[in-house]
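Residues per chain are reported as follows:
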Amino acid sequence: MIKMAEDVKDEQKMQSAEPSAAENDSAGPQDMSAKIQGTVGRPFVDDAKIKMRGVNVFYGEKQAVFAVDLDIKENEVISMIGPSGCGKSTFLRCINRMNDTIDICRVEGSIQLDGMDIYESKLDVVPLRARVGMVFQKPNPFPKSIYDNVAYGPKIHGLVSRKSDLDEVVESSLRRAGLWDEVKDRLDSPGTGLSGGQQQRLCIARTIAVSPEVILMDEPCSALDPIATAKIEELIAELSENFTIAIVTHSMQQAARVSHRTAYFHLGNLVEVNETDKVFTNPDHDLTEAYITGRFG
Amino acid sequence: MTKAVSTQAELVERSLKKRYRAEKRFKIAGIISISVGIAALFALFIEIFGNGIGGFSQTKIKLDIVLDSEELEIYDVNNEEEVSNGYYEGVIRLALRKKFPEVKSRGDRRKLYSMISDGASYRLRDLVMADTSLIGQTKTFWFLADDDFDTYFKTLLDGDPYTARVDEKQRAWVDQLIEEGNIEKGFNTAFFTSGDSSEPELAGILGAVIGSLLTLAITLALSFPIGVAAAIYLNEYAPKNRLTELIEVNIRNLAAVPSIIFGLLGLAIFINLFGMPRSVPTVGGLVLTLMTLPTIIMSSRAALEAVPPSIREAALGLGASKMQTILHHVLPLALPGMLTGAIIGMAQALGETAPLLMIGMVAFIVDVPSWFTDSATVLPVQIFLWSDSPERAFVEKTSAAIMVLLLFLIFMNTMAVLLRKKLERRW
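Residue numbers (this note's numbering), protein chains in the order written: chain A, 1 to 297; chain B, 1 to 427.
Okay, chain A solo, but in the shape it has when bound:
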């Protein structure tokens, strides 16, 4: 009897403890949310390719992304900007479940790709990542030949059966990535021997060789010089004809140049989503304006 009473008391204590802890945790963001109050602008579109609702991301106890609602249209380029640590990369990595590789990372909410919930427990991430490719911040070609780098994806997914078909896929992918002319004579040399910009284009070629529908780019130019950056930006514009592209960038000029819509993140909140022109000329939110005019970031 006494023990039971104690149990009940413990339970009550726990219940009463939880909300207060939650309050403490969210104290910081709530400060901001007094100003943020949900997302302004046009986060939603008709017939969205990717539909995200109430996405929360936690690293252990710490919440990194707060209740983000966002739609991404087919064949659009959407850029995500915001100060360092605002959760934009974390959010991007939810779209092909790359966050699964981080043990302590937990994602809540729903993300739908063509109406299919990608966080459904039974879903296999392998075909998902074949549909949603990713280009990373640092060029990360495999320490194999240029040819093998591009051929790897089609090979493991069984997209081609004959060697000649594979050659074709490799060539067309390298052509679309604007790298063919530079490397066609040395397809057997290691991909790691290329320059930084070439490596990043090789990584893009590797990604499009799988023919994904969506390409996620996580600051693809942050490690590159301006000329290499310009080439990648040109490439993004060309690729948008066939692919849906979500790009995280630190460079506002880059966002302005390549994207149709721009999403501004602040401390894990999606503050504003609007046409890129509007965001950079006449933003709806004070925080966005403060950021693009360089008052912080």
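Simulated from the structure, these hints should not be mistaken for lab results.
What you are looking at is a predicted structure, and each value in this text was computed from that prediction instead of being measured.
Even for Gly, the Cβ is constructed at its ideal location relative to N, Cα and C.
There's no promise every hint is true.
Unchecked claim - Example chain B residues on the side facing chain A (calculated, C-beta under 10 Å, incomplete):
(1) GLY119
(2) GLU313
(3) ALA320
(4) SER321
Stated by the list, open to error - Which bits of chain A does chain B cover? Going by a derived footprint, with three or more residues having C-beta under 8 Å, they are:
(5) 98-109
(6) 137-145
(7) 148-162
(8) 198-211
To be verified - With a straight-line cut-off of 25 Å between C-alpha atoms, the simulated BS3-like cross-links for lysine-lysine are:
(9) LYS104(B) with LYS169(B)
(10) LYS98(B) with LYS139(B)
(11) LYS144(A) with LYS184(A)
(12) LYS185(B) with LYS111(B)
(13) LYS139(B) with LYS111(B)
(14) LYS98(B) with LYS62(B)
(15) LYS99(B) with LYS111(B)
(16) LYS322(B) with LYS144(A)
(17) LYS111(B) with LYS24(B)
(18) LYS421(B) with LYS144(A)
(19) LYS231(A) with LYS144(A)
(20) LYS240(B) with LYS322(B)
(21) LYS122(A) with LYS240(B)
(22) LYS144(A) with LYS422(B)
(23) LYS139(B) with LYS62(B)
(24) LYS322(B) with LYS138(A)
(25) LYS99(B) with LYS62(B)
(26) LYS62(B) with LYS104(B)
(27) LYS122(A) with LYS322(B)
(28) LYS62(A) with LYS422(B)
(29) LYS155(A) with LYS322(B)
(30) LYS99(B) with LYS240(B)
(31) LYS155(A) with LYS138(A)
(32) LYS278(A) with LYS73(A)
Please build the complex by placing chain B on the supplied structure of chain A, with the hints as guidance.
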């Protein structure tokens, strides 16, 4: 007032001297400690080399042997048993008596006979059995000298004769042999071609080397796949929780467990519980596997962790499954590190004595093992056994065996370094 206030530059200047002095002291301390280490190493090498170099040479005595069938008591050369049982010792003794006709008394003759190794008659028998046409001929052979004479002769050549085990008469015989040119120092082939023996001049390391190789083969065949598989599972698949943490801590602890404990474990489990035979390479290999596993697991995990996460992300981002990511990308990059760890683990196992003592690999085994289930000993245990022997001639054998062991270890460690250099990829 102006005197008291030094400029910033002056203050820096003053502190600079002190800083440089401290740096110099630190450097000197480092150089001293390295010098001490190198000096100790050289002292060790010189000591072992000085002692062991004699082990590679052996005194031989030339005798003209009359292979008389009467003396040999062989009347039918086609009768194998008769040839095998021939009185070979007799003809050798006869040859010695002929060479030193002045030796008459029984005691002196026994001393005379002891000049030639006990193995000589066996060698003669093997030769005759291989070619029976030798019977009836007179042939010249170089026979191994007995260990006491061997030691005396070799030390005599070095100018500091060791006379404790040879008396004046025997020394006179040796002098006579030297004069006639019938005694000389040659390369000790027996050391590399025979197993252990109670006669130092017949004892060799071949049995121990083969035993070591068989044992290491078992160790490598078991510990590398198991260690790599465990490392891959722990690093790539295992959830991070209390249990895996406990396993990890235990692996680290196991690496620090004294090796003799593994010997006790092997004795209790493999021999007593499973009833495996004693002193065989299989059990030795199993015990050494237990001992090297922690080393291999830890080095393999370190190698896996050293693979840049960007490579994993690249593969996973392309839609490679976990298995494909590991097999196609992570493992090839981690393999050099894993192999290096394995070779270092093997080198450790090669030098291990204590656990093998527990499972009976310390027995006196004359035959060279030819399979994993033959009784065998290993090099370090052989060294241990010889160092325990009272015969003076075993002193140089011990050091010579140590030299061979060191050679193996240096070879393996060099391999590890070369392998790492060759396979190391930059990204």
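Status of the hints after comparison with the structure:
The interface hint given for GLY119(B) is violated, since its Cβ lies 59 Å from the closest Cβ of chain A, which is over the 10 Å cut-off. Below 10 Å, beta-carbon pairs count as interface contacts, and GLU313(B) has one with chain A at about 6 Å; its hint therefore holds. The interface hint given for ALA320(B) holds, since its Cβ lies 6 Å from the closest Cβ of chain A, which is under the 10 Å cut-off. With a cut of 10 Å, the hint placing SER321(B) at the interface with chain A holds, because the nearest CB-to-CB distance is about 5 Å.
For the region 98-109 of chain A, the assignment as covered by chain B holds, since 3 residues bring a beta-carbon within under 8 Å of that chain's beta-carbons and 3 suffice. Taking a C-beta to C-beta cut-off of 8 Å, the region 137-145 of chain A contributes 5 residues in contact with chain B, enough for the three needed, and the coverage statement holds. Under the rule that three or more residues need a Cβ within less than 8 Å of chain B, the assignment of the region 148-162 of chain A holds, with 4 such residues. Under a criterion of three residues with beta carbons nearer than 8 Å to beta carbons of chain B, the stated coverage of the region 198-211 of chain A is upheld, 4 such residues being counted.
Straight-line distance between C-alpha atoms of LYS104(B) and LYS169(B) comes to about 13 Å, which keeps the hinted pair within the 25 Å bound. Among the hinted pairs, LYS98(B) with LYS139(B) is consistent with the structure: their alpha-carbon atoms are about 14 Å apart, no more than 25 Å. For a cut-off of 25 Å, the pair hint linking LYS144(A) to LYS184(A) stands: about 16 Å separates their Cα positions. Of the pairs offered as hints, the one joining LYS185(B) and LYS111(B) holds, with about 21 Å between alpha carbons and a cut-off of 25 Å not exceeded.
For the hint pairing LYS139(B) with LYS111(B), the CA-to-CA distance comes to about 24 Å; that is within 25 Å, so the pair holds. Distance check on the hinted pair: LYS98(B) and LYS62(B) sit about 13 Å apart at the alpha-carbon level, within 25 Å; holds. At most 25 Å may separate the alpha-carbon atoms for a hinted pair to count; LYS99(B) and LYS111(B) meet this at roughly 14 Å. For the suggested pair LYS322(B) and LYS144(A), the alpha carbons sit about 19 Å apart, so the restraint of at most 25 Å is met.
Distance restraint check for LYS111(B) and LYS24(B): the Cα-Cα separation of roughly 67 Å exceeds the 25 Å cut-off, and the hinted pair is therefore not satisfied. Distance hint between LYS421(B) and LYS144(A) is fulfilled; the C-alpha atoms sit about 18 Å from each other, no more than 25 Å. Between LYS231(A) and LYS144(A) the CA atoms are separated by roughly 24 Å; this keeps the pair inside 25 Å, and the hint holds. At roughly 17 Å between alpha-carbon atoms, LYS240(B) and LYS322(B) fall within 25 Å of each other, so this suggested pair holds.
The hinted pair formed by LYS122(A) and LYS240(B) meets the criterion: a straight-line CA distance of about 22 Å does not exceed 25 Å. Taken as a hint, the LYS144(A) and LYS422(B) pair is honoured in the structure, with Cα atoms around 16 Å apart against an allowance of 25 Å. Restraint check for LYS139(B) and LYS62(B): satisfied, since their Cα atoms lie roughly 10 Å apart, inside the 25 Å limit. A distance of roughly 21 Å separates the Cα atoms of LYS322(B) and LYS138(A); the hinted pair therefore holds under the 25 Å criterion.
Simply put, LYS99(B) and LYS62(B) have alpha-carbon atoms about 10 Å apart, close enough for the 25 Å limit, and the pair holds. Restraint check: the Cα-Cα separation between LYS62(B) and LYS104(B) comes to about 21 Å, which is no more than 25 Å; the hinted pair holds. Taken as a hint, the LYS122(A) and LYS322(B) pair is honoured in the structure, with Cα atoms around 16 Å apart against an allowance of 25 Å. The straight-line distance between the Cα atoms of LYS62(A) and LYS422(B) is roughly 44 Å, outside the 25 Å bound, and the hint therefore fails.
For the given pair, LYS155(A) sits about 16 Å from LYS322(B) by alpha-carbon distance, which is consistent with the 25 Å threshold. For the suggested pair LYS99(B) and LYS240(B), the alpha carbons sit about 82 Å apart, so the restraint of at most 25 Å is broken. Distance restraint check for LYS155(A) and LYS138(A): the Cα-Cα separation of roughly 24 Å lies within the 25 Å cut-off, and the hinted pair is therefore satisfied. Pair hint LYS278(A) plus LYS73(A) holds up; C-alpha atoms about 18 Å apart against a cutoff of 25 Å.
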